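FYI, the numbering for the sequence shown is 787 to 928, going by our numbering.
The set of hints was computed from the structure by calculation and includes no laboratory data. Among the hints, a few may not be true.
Calculated lysine-lysine pairs in the BS3-like style (CA-CA distance at most 27 Å, straight line) [unchecked claim]:
| # | residue 1 | residue 2 |
| --- | --- | --- |
| 1 | Lys-898 | Lys-876 |
| 2 | Lys-887 | Lys-809 |
| 3 | Lys-801 | Lys-859 |
| 4 | Lys-816 | Lys-801 |
| 5 | Lys-890 | Lys-903 |
| 6 | Lys-887 | Lys-876 |
| 7 | Lys-903 | Lys-917 |
| 8 | Lys-809 | Lys-903 |
| 9 | Lys-814 | Lys-859 |
| 10 | Lys-816 | Lys-859 |
| 11 | Lys-859 | Lys-876 |
| 12 | Lys-882 | Lys-898 |
| 13 | Lys-876 | Lys-890 |
| 14 | Lys-801 | Lys-814 |
| 15 | Lys-813 | Lys-859 |
| 16 | Lys-890 | Lys-801 |
| 17 | Lys-898 | Lys-887 |
| 18 | Lys-801 | Lys-882 |
| 19 | Lys-801 | Lys-813 |
Bear in mind that the values here come from a model prediction, so they are computed numbers and not experimental data.
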Amino acid sequence: IQTSVIGNERTLETKRLRLSALKDEIKKHKQYRSQVKAVGDDVLWDKIMGGKDLSALKGQKIYSEEFNPVYRKLESEIAELSVDTAFLSKELVYLKAQQEKLYKDVETLASKVADLKMMQNESSRAYTIAKTRYDSLFSRIT
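Please model the complete structure; the sequences and the hints are all you need to start from.
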């Protein structure tokens, strides 16, 4: 779990830095880009078919706006990184909680092991005393 926590912390920090850089970059771009085009063939054809004067079209332009593809790409990357960082943040909280639980379990087990070793030492000492008494008694009998 410790390795996962460290890996997630590094990944999360990297993604947060990238997210911050993308947010700074998107501020430099407009959401829409304007395009200026000459009057299209369909407009000219309509004027010709209608028998209207074409001199009115001279110098006219069509203005249009469309989504800026750079802005859209940055927006998409920001959304994706936002989801990733939110997920990693929650996963990191979960892993740290699991790590804390494991630390408590290890402390409990270490305490139990110490108690069992103490009991083993007491049993060993009692056994040694009993064996010494038995050997002493047996040597007197024989």
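So, going through the hints one by one against the coordinates:
no.: 1; hint: Lys-898 / Lys-876; result: violated (33 Å)
no.: 2; hint: Lys-887 / Lys-809; result: violated (37 Å)
no.: 3; hint: Lys-801 / Lys-859; result: holds (17 Å)
no.: 4; hint: Lys-816 / Lys-801; result: holds (24 Å)
no.: 5; hint: Lys-890 / Lys-903; result: holds (20 Å)
no.: 6; hint: Lys-887 / Lys-876; result: holds (17 Å)
no.: 7; hint: Lys-903 / Lys-917; result: holds (20 Å)
no.: 8; hint: Lys-809 / Lys-903; result: violated (59 Å)
no.: 9; hint: Lys-814 / Lys-859; result: holds (13 Å)
no.: 10; hint: Lys-816 / Lys-859; result: holds (12 Å)
no.: 11; hint: Lys-859 / Lys-876; result: holds (26 Å)
no.: 12; hint: Lys-882 / Lys-898; result: holds (24 Å)
no.: 13; hint: Lys-876 / Lys-890; result: holds (21 Å)
no.: 14; hint: Lys-801 / Lys-814; result: holds (20 Å)
no.: 15; hint: Lys-813 / Lys-859; result: holds (13 Å)
no.: 16; hint: Lys-890 / Lys-801; result: violated (31 Å)
no.: 17; hint: Lys-898 / Lys-887; result: holds (17 Å)
no.: 18; hint: Lys-801 / Lys-882; result: holds (19 Å)
no.: 19; hint: Lys-801 / Lys-813; result: holds (19 Å)
Checked against the numbered hints above, the structure breaks hints 1, 2, 8, 16 and satisfies the rest.
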